[in-house]
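Student: Sequence:
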Amino acid sequence: MSKVTGKKANELIHNNGLNFIWLVLLLTSASFGIVSLAIMILAVGDVQILSWSIGYILTSGTNDAVRMPSIIVTVICAVIFIFCLLKNKIIRAVVK
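In the working numbering, the protein residues as written are 488 to 583.
A couple of the hints might just be wrong.
Said to hold, decoys possible - Derived EDC-like pairs (lysine to aspartate or glutamate); straight-line CA-CA distance at most 16 Å:
| hint | residue 1 | residue 2 |
| --- | --- | --- |
| 1 | K576 | E498 |
| 2 | K583 | E498 |
| 3 | K574 | E498 |
What the hints assert, rightly or not - Between beta-carbon pairs, the in silico distance windows are:
| hint | residue 1 | residue 2 | range |
| --- | --- | --- | --- |
| 4 | V522 | V491 | 14 to 22 Å |
| 5 | K583 | D533 | 48 to 56 Å |
| 6 | L572 | V522 | 14 to 22 Å |
| 7 | T492 | I521 | 49 to 57 Å |
| 8 | V562 | V534 | 28 to 36 Å |
| 9 | D533 | N497 | 45 to 53 Å |
I should point out that these hints are in silico values taken from the structure, not numbers from a laboratory. All values derive from a computational prediction rather than experimental measurement. We put the CB at the ideal spot given by N, CA and C, even for glycine.
Work the whole structure out from these sequences, hints included.
Tutor: Written out as structure tokens, the structure reads:
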């Protein structure tokens with residue numbers, strides 16, 4: 488990596504505005520991921536209270552109607568979380 492490229496990467500890595508955006512993405516994906524994972528575990532375990540509350544409020548259905556959206560949200564949040572953890576490597580790869 489050349490000095491100019493390395494300097495530009497370091498400027499982006501230590502940019503306060505960019506770090507704030509990464510932090511917000513990291514916290515949001517973690518919190519939504521944990522909530523959707525808990526809902527997915529309850530739906531897979533056929534906890535009846537889940538279908539009485541979330542299932543009827545969202546889709547007027549049962550645990551089966553809640554299971555797939557919670558799996559999708561959990562996977563998306565996990566991918567975003569991993570990208571946030573690899574921020575420095577991604578910035579260095581893009582700047583190259």
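Student: All hints, please: hold or fail.
Tutor: To see whether the hints hold, each was checked on the structure:
1. K576 - E498: holds (14 Å)
2. K583 - E498: holds (14 Å)
3. K574 - E498: Holds. K574 to E498 sits at ~13 Å (cutoff 16 Å).
4. V522 - V491: 14 to 22 Å: Because 44 Å falls outside the window, the suggested range is violated.
5. K583 - D533: 48 to 56 Å: holds (50 Å)
6. L572 - V522: 14 to 22 Å: With Cβ atoms ~19 Å apart, the hint holds.
7. T492 - I521: 49 to 57 Å: violated (37 Å)
8. V562 - V534: 28 to 36 Å: violated (21 Å)
9. D533 - N497: 45 to 53 Å: holds (52 Å)
Hint violations for this structure: numbers 4, 7 and 8, all remaining hints satisfied.
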